[in-house]
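We have chain A already, so just place chain B on it with the hints.
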Amino acid sequence: MSALRADASAALAIARKDAIAELRGRQIAGSTLFFATLVLLLFGFALGPDSRRLAEAAPGLLWLAIVFGSLLIVARLHQLEAEDGALEELARYPIERHAIYLGKLLAGLAAVLVLGGVLLPVVAILYGIDLAAAWPALLATLVLGAIGLAAVGTFYAGVTVRMQAREVMLPLLMLPVVAPLLLATVKATSAALTANALGDLGAWLQLLIVFDVVMAVAGAATYGHLLEE
Amino acid sequence: MPQTTIYVAPRTHERTPRPAVATQELARLFGRSAALAGISLRIGRGATIALLGPNGAGKTTLLRILATALRPSFGTAAVDGFDVTRDAGDVRRRIAFLSHDSGLYDDLTAAENLRFAATLRGLAEAEAAVATALATVGLTADAPRRVRGFSAGMRHRLALGRMLLGTPSLVLLDEPHATLDADGMALVDGLIEAWKAAGVTVLVASHQADRVIRLADGWARLDGGLLLEVGGTGISVGTPVVVGVAAPVAEA
Numbered sequence: 005m006s007a008l009r010a011d012a013s014a015a016l017a018i019a020r021k022d023a024i025a026e027l028r029g030r031q032i033a034g035s036t037l038f039f040a041t042l043v044l045l046l047f048g049f050a051l052g053p054d055s056r057r058l059a060e061a062a063p064g065l066l067w068l069a070i071v072f073g074s075l076l077i078v079a080r081l082h083q084l085e086a087e088d089g090a091l092e093e094l095a096r097y098p099i100e101r102h103a104i105y106l107g108k109l110l111a112g113l114a115a116v117l118v119l120g121g122v123l124l125p126v127v128a129i130l131y132g133i134d135l136a137a138a139w140p141a142l143l144a145t146l147v148l149g150a151i152g153l154a155a156v157g158t159f160y161a162g163v164t165v166r167m168q169a170r171e172v173m174l175p176l177l178m179l180p181v182v183a184p185l186l187l188a189t190v191k192a193t194s195a196a197l198t199a200n201a202l203g204d205l206g207a208w209l210q211l212l213i214v215f216d217v218v219m220a221v222a223g224a225a226t227y228g229h230l231l232e233e
Numbered sequence: 708m709p710q711t712t713i714y715v716a717p718r719t720h721e722r723t724p725r726p727a728v729a730t731q732e733l734a735r736l737f738g739r740s741a742a743l744a745g746i747s748l749r750i751g752r753g754a755t756i757a758l759l760g761p762n763g764a765g766k767t768t769l770l771r772i773l774a775t776a777l778r779p780s781f782g783t784a785a786v787d788g789f790d791v792t793r794d795a796g797d798v799r800r801r802i803a804f805l806s807h808d809s810g811l812y813d814d815l816t817a818a819e820n821l822r823f824a825a826t827l828r829g830l831a832e833a834e835a836a837v838a839t840a841l842a843t844v845g846l847t848a849d850a851p852r853r854v855r856g857f858s859a860g861m862r863h864r865l866a867l868g869r870m871l872l873g874t875p876s877l878v879l880l881d882e883p884h885a886t887l888d889a890d891g892m893a894l895v896d897g898l899i900e901a902w903k904a905a906g907v908t909v910l911v912a913s914h915q916a917d918r919v920i921r922l923a924d925g926w927a928r929l930d931g932g933l934l935l936e937v938g939g940t941g942i943s944v945g946t947p948v949v950v951g952v953a954a955p956v957a958e959a
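Sequence lines, in order, name chains A and B. Here the numbering used here = 1-based position in the first sequence + 4. Here the numbering used here = 1-based position in the second sequence + 707.
Because the hints were derived from the structure by calculation, they are not lab data. Take the hints with a grain of salt, since some may be wrong.
Where chain A lies over chain B, by a calculated footprint (3+ residues, C-beta under 8 Å) [unchecked claim]:
1) 773-785
2) 798-805
Examples of chain B residues lying across from chain A (beta carbon under 10 Å, computed) [what the hints assert, rightly or not]:
3) Thr792
4) Arg793
5) Ala795
6) Asp808
7) Asp814
8) Leu827
9) Gly829
10) Arg853
11) Arg855
12) Ser858
Beta carbons are placed, not taken as given, at the ideal position from N, Cα and C, and that holds for glycine.
So here's chain A without its partners, still in its complex pose (with noise of 0.2 Å):
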């Protein structure tokens, strides 16, 4: 078996591990649902009824939704690791470490996806938005997005899995580094509601190319490091 299919098989075996552990435990999806989905009516509330500036703030309180729902999603990833020593049992097979993190990511990429897919009728419903005509520029950045914020978010909860104060230290470590990636996800998901700004939808979503490159091979270089005391 050649090296890389070897990476593959074992980074496929860990996020289906992961996928298996989540639909008999539901220890994510309920959780991660509930809050999100209370974060976008809290912040309904906030706004106050006026429809026009209901429609102008959904891109950016649909991205806040989805950046703190995948906060739960990759430490809840990491936590399943954690416990009874799972962790330290999967950084003893010998495997490639960046493997172990692509599989990781690959596992909270799903989940991201999953929740990203249902806020986005949310924020239609909630805020009264007409998604048909953009769904593929849609599409297209959540999938960057969520990309992002997996590269990132299982970097971090790697770096935090073992912390004291992890739920603490999670999104103050994760947060400031996703921030041009919220930037760039409201932007483009703005220009795809907006008919004449194809030109910005294509600029962000570069943006979001290059940034889910540089945070998925940084992430895949340094993670077998944070396996190790």
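Just chain B now, with coordinates in the frame of chain A:
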């Protein structure tokens, strides 16, 4: 518990004159306290060695360093000639480690936990290996059950079963008899005998000195992070590194 046939794959790694384990002035600090304070020893290939000593002696720390789970603070440790820090990937391919924690996933079944381990170990005949491992540790009937409902003893048995996937040349056992009933303890003894017969090197840390010394070729006693004494065959104290010797000062 029905009697099961214990099958352990024979050692397949190359036979070289290098010792199975060699440490030189190996030390590990946690903050300001030294869990290991400079241990030098050599363990021959195929030897079964008992690590003895009270709580806090450094047995677990030594095993975790050899398993690449902990980095040494000072000194070196090698498995089959491969340095645990520099050649960690080569070391991981050669070891099987039973630690205090089971490292199992509660929401996966017993069979799924072992299948996951078999995949990450790159086993070709994973299903057959998983079935054999489950049968060996007496958990065939519990294969489709989620681990969340397992007792501590069953988790321990499943962790033992996971060690049977692959062909290690060095087996590291940290308190393998803990949480097990009489049948389970006999199973552990049988596994150690089987590894021994297959030419696999075994290091077993245990508070049950009488039990493990009966199975072992040699033993090492640790206390306070220091290697106090070794005995039997297959183990010797390595040469300590002498940094300097102070000459006695004659009185005028």
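Q) Three or more residues of the segment 798-805 of chain B near chain A by CB distance under 8 Å? A) Per the Cβ count (4), the hint holds.
**Q.** Interface hint status, Asp814/B versus chain A (Cβ within 10 Å)
**A.** 4 Å, holds
Q) Are Ser858/B and chain A close enough, Cβ to Cβ, to be under 10 Å, as the hint says? A) Given a least distance of 14 Å, the restraint on Ser858/B is violated.
Q) Given Arg793/B as an interface hint, is the shortest Cβ-Cβ distance to chain A below 10 Å? A) 13 Å, violated
Q | Evaluation of the interface hint that places Gly829/B against chain A, nearest CB under 10 Å | A | For Gly829/B, the interface hint holds, since the closest Cβ of chain A sits about 6 Å away, which is under 10 Å.
**Q.** Satisfaction of the Thr792/B interface hint, Cβ to chain A closer than 10 Å
**A.** At about 9 Å, which falls below the 10 Å cut-off, the nearest Cβ of chain A leaves the hint on Thr792/B intact, so it holds.
Q | Cut-off 10 Å, beta-carbon criterion: hint that Arg853/B touches chain A | A | 7 Å, holds
Q. Within the assertion that chain A covers the segment 773-785 of chain B, do at least three residues meet a Cβ-to-Cβ distance smaller than 8 Å?
A. Three-residue rule met by the segment 773-785 of chain B, so holds; n is 5.
**Q.** Hint check: 10 Å Cβ-Cβ cutoff, Asp808/B to chain A
**A.** 3 Å, holds
Q) Is the interface hint for Leu827/B satisfied, with its Cβ closer than 10 Å to some Cβ of chain A? A) Check passed: Cβ of Leu827/B comes within 4 Å of chain A, closer than 10 Å.
Q. Does the CB of Arg855/B sit less than 10 Å away from some CB of chain A?
A. Holds: closest Cβ of chain A sits about 8 Å from Arg855/B, inside 10 Å.
Q) For the hint on Ala795/B, does the least C-beta distance to chain A fall short of 10 Å? A) 8 Å, holds
The structure fails hints 4 and 12 (numbered hints given earlier, in ascending order).
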